[in-house]
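Construct the complete structure from the given sequences, taking the supplied hints into account.
Chains as they are written, first to last, in the working numbering: chain P, 1 to 1041; chain U, 1 to 491.
These aren't lab readings, by the way, just hints derived from the structure by calculation. A portion of the hints provided could be inaccurate.
Okay, derived cross-link-like pairs now, SDA-like style, lysine to any residue, Cα gap no bigger than 25 Å in a straight line [what the hints assert, rightly or not]:
#1 Lys746/P <-> Gln326/U
#2 Lys746/P <-> His255/U
#3 Lys699/P <-> His255/U
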Amino acid sequence: MEQKKHWQSFGELNQSEAYNKDVKDEFKEELPFVSEESASFLGTKAPRRDFLKYLGFSTAAAAVAASCEMPVKKAIPFANKPEDIVPGISKYYATTYVQDGDVVSVLAKVRDGRPIKIEGNDLSPLTKGGTSARVQASVLDLYDTARLRFPTIEGKEVTFEAIDKAVASSLSGPVVIVTSTITSPSTKEAISQFLAKYPGSRHVTYDAISYSGILLANEATYGKKAIPSYHFENAKAIVSIGADFLGTWLSPIEFAKQYATGKKLDEKNPEMSKHIHFESVASLTGSNADEKYLHRPSETGAVVAALLSAVNGQGAAGISDAKLKAGIEKAAKMLAANKGAALVVAGSNDVNVQIAVNAINEAIGAGGKTIDWSATSNIRQGVDADFAKLVEDMNAGSVGSLFIHGANPAYSWFDADKFKAALKKVKTTVSFNSKLDETAELCKFVIPDHNYLESWGDAEATTGHYSFLQPTIYPLFKTRQWQDSLLKWAGNPSDYLAFLKTFWSAKLGGESGWNKALQDGVLNPSAGTLASASFNSSAVANAVTALGSGKKGGKIELVLYEKIGIGAGQGAANPWLQELPDPVTRATWDNYVIVSPALAKTLLDIDLNNGGQADSYEVNPPKKVVKVTVNGKSVELPALIIPGTHPDTIAIAVGYGRSEKLGKSVVGTGKNAFPFATLSGASVSFVNTDVTIVSTGEKYPVALTQTHSRYDTEQGNRTEVMKELTLAAYKENPTEIRDEREAELKPYGGLEKFESQGTIYPVYDRPGIKWGMSVDLNTCTGCAACVVACNAENNVSVVGKPEVLRGHEMHWLRIDRYFSGDMDNPNVVFQPLMCQHCDNAPCENVCPVAATNHSSEGLNQMTYNRCIGTRYCANNCPYKVRRFNWADYTGADSFPNNQEGIVNDVVLDMNDDLTRMVLNPDVTVRSRGVIEKCSFCVQRLQEAKLKAKKESRPMVDSDLKVACQQACPTNAINFGNANDKQSSISKTRKENPNRQFYVLEQLHVLPNVTYMAKVRNADEAHEAGKEKKGAEKKEEKKEHA
Amino acid sequence: MHLKYESQLREPLVNGNKTYHQVTEDIVRPIEAKPSRLWYVGFYIAVAVLLFGVYSIYRDVTYGIGQWNLNKTVGWGWDITNFVWWVGIGHAGTLISAILLLFRQGWRTGVNRAAEAMTIFAVMCAGQFPIWHMGRVWMAFFVLPYPNTRGPLWVNFNSPLLWDVFAISTYFTVSLLFWYSGLLPDLATVRDRAFTKLRKRLYGVASFGWNGSTKHWQRHESLSLVLAGLSTPLVLSVHTIVSFDFATSVIPGWHTTIFPPYFVAGAIFSGFAMVQTLMVIIRKVFEMEDYITLGHIEAMNKVIVLTGSIVGIAYLTELFMGWYSQNKFEGYTFWYSRAYLFSPYGWSYWGMMACNVLSPQIFWFRKMRRNLFVTFFMSIIVNIGMWFERFVIIVTSLYRDYLPSSWSVYYSPTIWEIGFYAGTFGLFFTCFFLFAKYFPVIAIAEIKYVLKTTGESYKDKMGHLEHVAPEVFAHSGHGHTTVENDGASHS
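So, in structure tokens, the structure goes:
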């Protein structure tokens, strides 16, 4: 086709000169007002339009500049969107929580480049997706404002090049590397490369709470200095002598998971494992035990020896306390009856105790059944004697350089002063700790390590079970993985990543194997059979003799223990963990002296059986201060009365009284109890058998989140709140609880028709989705992982100790702890309580502005921006789960400067720009003056529904897990659509009609959370039943009166 | 035998041989005179206390409700206690003006003006608490049902708090109208006596151009009756609805059907006590013993002993039901948290019992009823007792309810909670001092009414009857004059 030419003017057609000039000038390049003639801007003749432009621009500019109200927002958009990041969509990266020896395979939820939540990795056969409070809280450590931000030499900031040079020049042999337990095979390789470079050097493992006793006992009896894997799931009979295996002993997540399999009750075939616990101080595990016996700490050896002799059929010798003796004999009988399906563990760090325990385990055939020697646990490798030797060497001046990673002996070694003095004699000291802890403070060189979420790495918690670390965020600060330093100083040209990759690629068959392993996060061995090890009984006789001749305890004995959140101090700088109520004592932000009710009577003059005294002890946070003295060392701490503690025993938690350089949350929280430990033989003993305790007459406020501990009152036992019974009682009458509910509701239509006949209002259909939750009190151990998970998921504010003291804590989910029965050795039951999402919610109808209302899916919803804060809903909530924002905890308020002096430094620190990176963008940050509460993780529900909708299918269980459910190591929490017959919540409810109950069902608030009653495996005279009968009698008496 | 005109049954409502002019003089005198030194001292103290209250509220609004010691379990404490207490006090005025008007109780005229003023100020004080106790008071307008741009959002008509909004605002409006319409003729009197231009103008505006014409009087009377009719149910409804704040809840100790009558009786009880407190002072300070006579004081003391006994019965009924229901939660609240003296708040329950039930029984004795010191002392005691009652209901129910795990630490107020309460006293007395200075504290016109049928001058007028033989008198048609307190029927 011919090319037609279109023209607009003759000029264009003819390409006249004038036309060309016009075309050229149509879009002038130079500014119109800068004429070529005059260079000066002011000299130009500005046309009218330009004048208006200037005017407009300058007015606008002035307006913008003058509006100082306008906040400066720093939002930096992606210039090029990264391929794998979609704003608003979370990514999950498999990595591994590594804290000293603890290893937990996890998934890090990363939103817009920030890790905001840690979830368990289901692929790990050890933890099976379970987590702990500390794992859940670890994400906050990443954003800790007190983290070291750059390498320093004597406190001055330097570059990595400079510090490498300086270290290289001052490095003198022999070098000793002190670390907490290292489970990473590649790191061990790196260490050995380094050690090879500097002959005469060595690696010393230091664990703050060591398991030397077990390691050495196993060396003596099995020839292996290792810890076997325990398999509680295979044990029908469990005896624990002071081992808090559900809380803090070795690998509690793994053990809780195993333990729960034995505690899960099948209603049709009600069988459970039985757990008998011997301890001196109420612990989480003791609280979960089916039967518990108390002994003095100094009697631990005697108890173990007696158990050994009883298991061997020689009776429990050498025990004077009749109750305890009966308990030991009972335990022995139970163990003997369950040979091959029984397990004994002991928490003592005494070698002889552990040798005797090994002998018991041999006698009951635990090896290969409940104890596996084919895969040993690597999570504690430190032997205290090695470290004690090192301190001697340092003092002798025979250590040239000291590298420290993870370990913090200047705080946690029993004789910290000696270590500090020794440290001064070492020429070159290098700390790789990521915070300026007590030890790093004393080191010349500090090269902070990455947080685990910024790190590469691997870990082998149990032989053959590998777990991998990959960074989930670019390092926030000028930090460096300590392995990099080691490799560099060892002269290895590759960095740790390359080293790690080479290390694993070789084993995994190249790049793809490595990538797969990283993606899964774990590498599991093929399921093997459990193996026993050959037992060498020669050490047993000596051990038992030693136990028999152990020194007698004094009047009062002291136990040092770890708290679930704080551990040996690792959690002390984490505000979530500090504000986490201890499951047993329900106290936050402090350590204290635990005393028994009996001791309280004589020492503190407080009789818990005296109503008035008990009330006044409970309702007033200031508690009496006592002074504990051992060998000239003394500490003054408030005393808390905890039933279930031996009358002659007191206990103090370690991990408190940290250096203030660790962060705001350690300031003023507790005192250090490590100096009370002693070195006995080759291991540190956390028991002190002779202490003096006096009341100082002073008081100190302790922030308890629960003041009252019993659910029975003079006016009747509040069994509507909590239902527990024994297995024997359950077998006798499986429908006991159901009958009880039926009787209660009988006048209102009974269980079946209560919903419609318990009210004069019409009852509505609830089609579609109906969210429901079920909590099994039998498998719930009270470990509090869910509480921290909830905090992290839902941006729950930290309020600090002064506010907790005033009952202002914000936790959406709490774990109520009740004692029942004998106050000296009570039954303990834990009850996680969150918003019950009542279908006939009393909070909803009282809100004047309808800020809280009911969704068509059964959710009790909170509309924050509608709430005016009358608090009527909180008053009218029978479960007291609603929380009010008493002050500006989040900085979300529009009132300027209203935090200073009102909230404490910890809260301000939580509002730091760095710390706020942990906030979940899917959840509104609540401002002052509004009520908040559990939402059933509505953001997760929406996500799950959307996911199903996008895939055009109905939602199923696997689409979602609410945060508490996800975190739970024992799967005690079940959640889902109760209208879906196939959902696990429906099935759980259907399969457990007898144990199921609603809290305060008789109020007709129609909660959507079902609880399954606690069943304790006690076969004889069951206390729960007895007590109920007693209460009935009391009521009868009253009627006759 | 001659008749002696002397009422044995009813003592005169006004003492002394007062003429209409004297009445005006006596009552308007404080308005026209310079305030006494005592007035200034009192007024400045009241303003100072008010300012402290303002600062307390400033802190509450700026820093949050955490300035108070409320907690996760005890969501209401001094704030709502004070609210209910003030609302209760605000009951006497309307009761006196409306219900006693309808029941034709002549003695109300001496005290109704001040009592109504007290009501209005008390309700103003009461209103502060539900407003400033909100966490986000700047959003308080959310409680008003008006067409808005926030989508289909509307208030929640199920909520007793919303009923409160309506009840209190209606009550305040009607009380204010009633009070003010009663003031009109008196303000006109003050205007007519005014000696400065400004005064004349201001009272002129305030009296709405009242000129005392028959038409005005007639309309005034009708309006009074209509407003009295409107207020009467309000007297009962306001505190009934306030009681619903508790009665409709599920909390043991709140969830009680007895609350409406019990609250109303309590409100009248405390209201009268407050009127007594003020009247004893006013009659002394303004030298109005002739208008607020011992007869008035005694009449009100009778009301106090009656209502005090009613609340006493209510307390005992609650205790009985706490036992009889065999509901362990109720039982615990009533028999442990409250009635057990050594429980943490047992003192407040027994304080309430002592102040509200036991001590008013002293008024069974006429001598005590007519003793000013005892009256004043008792009026204070009763109001302390009624404050305890509200505190007991609110705090002892909340601090230990269903779940023992959530039982609260000991709740006691912070300085800012106390400051807020004190501030409302400041507000109340500031208003009352201004009222006493600028308004006639006794209804002049109404006193003049009753003067027609009571008092010495009336007796004088009736003197001629003493010379009439009884038989003649009985058949003379004078009988109606013995209806002495029927002021309204003569107008």
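Of all the hints given earlier, name the ones this structure violates by number, lowest first. The structure conflicts with hint 3 only, although it agrees with all the remaining ones.
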